[in-house]
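Quick mapping for you: the protein sequence lines, in order, are chains H and P. Using our numbering, you'd call the opening residue of the first sequence number 266 and step up by one each time. Using our numbering, you'd call the opening residue of the second sequence number 1488 and step up by one each time.
The hints are simulated quantities; they were obtained by calculation from the structure and are not laboratory data. Hints should not be assumed to be uniformly reliable.
Claimed, not checked - Estimated spans, in silico, between C-beta atoms of each pair:
| id | chain 1 | residue 1 | chain 2 | residue 2 | range |
| --- | --- | --- | --- | --- | --- |
| 1 | H | R359 | P | G1612 | 40 to 46 Å |
| 2 | P | I1525 | H | R586 | 35 to 41 Å |
| 3 | H | L556 | P | E1492 | 26 to 32 Å |
All C-beta atoms, glycine included, are put in the ideal place defined by N, C-alpha and C.
The residues making up each chain are set out below.
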Amino acid sequence: MTEWITRPARHIPEDELHAYLDQALSRSQCAEIETHLSTCRACQAQRASVAALRDRTTALLSGLSPRPVIVPPSYLTLRERHSHRLAVALWRARIKRSSLWAAAVVAAVGSGWVARSVMDPHRLPLVTVPLAQASAPAPIASAPAPRDVAAELERQAIPVPIPERRTSFAVRQAGMGARSSQAVVPAPRLQLASLVIPAAYSPSAEKSSINPPAAANLRPFNRIWRAVSWEEALQIAGSGLPYIEGLTVVGVLLQPGGPGERPTVIVAQQDQSGEIIQSIEGPIAKVSELLQRQGTAEMHASEAARTPPDYVESPGGGVRRTLRNLIVTGRLPVDSLNALARMAAIR
Amino acid sequence: MDDLERLYKTHYAAVVRFLYRKIWDADRAEDLAQEVFIRAMAHRPEKPRAWIFAVAANLARDEARAAIRRKKHLTLLKDDPIPLSTPEPSAEDSVEREERWARVTGALAALTERDRDVLLLWDAGLSYPEIAAQTGLAVGAVGTTLARARKRLIEAHDRMDYQAGAAHS
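Take the sequences, apply the hints, and build the full model.
This is the structure:
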């Protein structure tokens, strides 16, 4: 005769009861525990004990609050602090870049001066010019210099490169002629063509007949890109120009759209550190195409933001809607570009 | 209202409390909580709630280190817990409240760092998987740690309560 041994069901471990009361178990585990609890008095008592422990802990910790009521400050204030911090970071980066640039210029001028003094067989003896003062009218050390020495120094003096003051695009255009005679170092050149626009479609290529674009390549861009002034772009694109408040506009490229379509626009702006940021606004397919053609790996793009669509009359009657996107690209981190994209407004 | 703004409104108080229980300075806790959310604006984390508490824990740790450098007495790092600042008590129950305060902070300081972290994260509203991700524990071990931490907190508190009662009598 077989003797059946009935084993008592396993009691619920204490940590499982904690997890059960904290609602950290799956449904099946909860169901299993509840089934056991319905029949096991020991586990019911244990459950009550754990619940009391849990409640006392919560009560004790609730007394450790800095204030009876904690009211968060306005989220807008926090946002402003975030924007301010971003601006300060950009400003610091600009200062760092400028000081590096200035140091490089001083080093270049200084080494040039030294090399010239050493290499020149007719160099003037007994006259030393500190590197840092190489560009200034040369102070003569102690003895009064003869007149021809002073004249020679004046002749050799290299004018100090003056960093170009960044102005708005319109002002820059207007002052271009007047500034040409000054000794200035050009600002970082905007290389829109190499950044986003394939060489075949760049404005320079448009004027040149050296590399005519292949017909197959032209298919997705069968209209010509034009570099236009901000005012001209405003006239052509109307209210469809992307613009990041507070950054200087350094160039606008524009490709006219089809009938009823707004043009595709690339607005290049320069931030305080001198970094070029491009806002690209146009039909989704075209914007994606431009991004794919973007050459360098260090260029990043923000997430696409939807802009007002175009409504185009289709040949068979009716109206077709073309969706459009806005993307901000540049060498900044994606997070920063996303923040700038949120700031970008359609003018 | 974006997700982060929603999280800010629902979790700001929890983050302040969490930080306060680590650094025991109400004003500094609020400053650090705002710093956490400003950083979240810049980073846009995928799991913002867990990220916020992870950053808050790091900031609290840095703050504690800085306080040590300034030779301040921090409750959680000293044998004899003396809170840097306690909430301003009302006139009638200030003594009793201060004693109660000292017992709870003392009990919390009696826990191991891991037990305390798990307990504070749970009290801040984090789930078991979030606590596990932040502390490096297995999810299954969170329940065990939490059970032990609760038990030790209550035991330490009751022991201090008994000692205080004996001293008064």
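Status of each hint after checking the structure:
| no. | hint | verdict |
| --- | --- | --- |
| 1 | R359(H) x G1612(P): 40 to 46 Å | 42 Å, holds |
| 2 | I1525(P) x R586(H): 35 to 41 Å | 39 Å, holds |
| 3 | L556(H) x E1492(P): 26 to 32 Å | 29 Å, holds |
When each numbered hint is compared with the structure, no violation occurs for any of them.
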